[in-house]
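With the hints as your guide, set chain D onto chain H.
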Amino acid sequence: MEKSLLIIERIVVESLFKKSLDFEKLKVQTSLSESLLQAVLGQLIQKGILVFKNYEYELNWEHKSLWLPIVTDKEGAKAEIKELFSSLVNQIYEKEEGAKLKVQKIYLNQREKEELERNLADIDSFIQGVRNQRKVFPVKENISKQQVVFYGHCEYRSLVDEILKVS
Amino acid sequence: MTKKAKITELQKKTMDNFLQVAGEMTLSEYGELLGIERTRLFRLLHGAEMKMWEFEKIQIYLDENGQNSVNWENEIKKSHQKKALGAGVGIDLGIQWERNIRLRDLVQESESLKSTSESLEALSA
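Sequences listed follow chains H and D, in order. Counting from 1, position 126 in the first sequence corresponds to residue 126 in our numbering; the numbering is continuous, with no gaps. Counting from 1, position 105 in the second sequence corresponds to residue 105 in our numbering; the numbering is continuous, with no gaps.
Careful, some of the hints might be misleading.
Unchecked claim - Over the 12 Å line for every Cβ pair with chain H, so calculated as not near, a few chain D residues:
hint	residue
1	K13
2	D16
3	M25
4	G47
5	A48
6	D92
7	G94
8	T116
9	A122
To be verified - Quick list of in silico lysine-lysine cross-link-like pairs, DSS-like style, CA-CA up to 27 Å:
hint	chain 1	residue 1	chain 2	residue 2
10	H	K27	D	K114
11	H	K82	H	K53
12	H	K135	H	K113
13	H	K82	H	K105
14	H	K135	H	K27
15	H	K3	H	K78
16	H	K47	D	K114
17	H	K74	H	K64
18	D	K51	H	K25
19	D	K114	H	K145
20	H	K74	H	K3
21	H	K100	H	K82
22	H	K53	H	K3
23	H	K113	H	K3
24	H	K53	D	K114
To be verified - Quick look at which bits of chain H chain D covers, simulated, 3 or more residues with Cβ under 8 Å:
hint	region
25	3-10
26	13-22
27	39-49
In short, the hints are calculated from the structure, not lab data. All C-beta atoms in this analysis are idealised placements derived from N, C-alpha and C, irrespective of residue type, glycine included.
The shape of chain H in the complex, shown without the other chains (with noise of 0.2 Å):
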């Protein structure tokens, strides 16, 4: 049995996360097509995640320990990163609108890094400010809509050394 989850099936089970969805509203949802949507339900509903109830589709939450795992699998989740972040990175080469990258390298000081640290801890509670703010006036939301944030740095030099690693 597969350890993790596709980005084609983590966006489905996100779609189903809050309430259960007949299949049109899953496509609206997810983006997909049609037949690529039919094929990940089939492998849902085989892997036990999901299940089809009154032409409903829902998590099956009675044996969600059985699939848990797969959800929260560290290695997955690790993978699914690098495929959003490439995939990203890909977009931003072949000039796709609305997709935003900034790489940049510069040296700061203690005083500076600090005030880099307090900047990424602003954008984090601007996150959480907008998830707070939809409990109490949700909006109509559509997941594959949301935007997918990445931030974060490090030394350059930890970055060459994990690329050594493999060489």
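Using the frame of chain H, we list chain D on its own:
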């Protein structure tokens, strides 16, 4: 009792080369050729960890019999690279490879579903 887990690629290659050069013989005859006790040789063949002097004896035998001795530097380097790959990107690549295959299978399945539904539509039209 033999310790199979400890056998290294270098040891395996050394023993394989020796057996190939020496040809089919009894354990006692192998032992005489190398100056190693046959019981010890039996253990080495079954994965006991080889001592440096035993390794040297086999290397000398291979040299004397016109067979290139095992290049231990290369073997150690290869084994080190294998470990590094296993610890880091090797695992990542394995996962990525498995995920790519699953994705490809899903896309293929979806294409076959699409063509089936198109055929059905054409039939009903």
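Item checked: Non-conforming hints, listed in increasing numerical order -> 6, 7, 8, 11, 12, 18, 23 and 26
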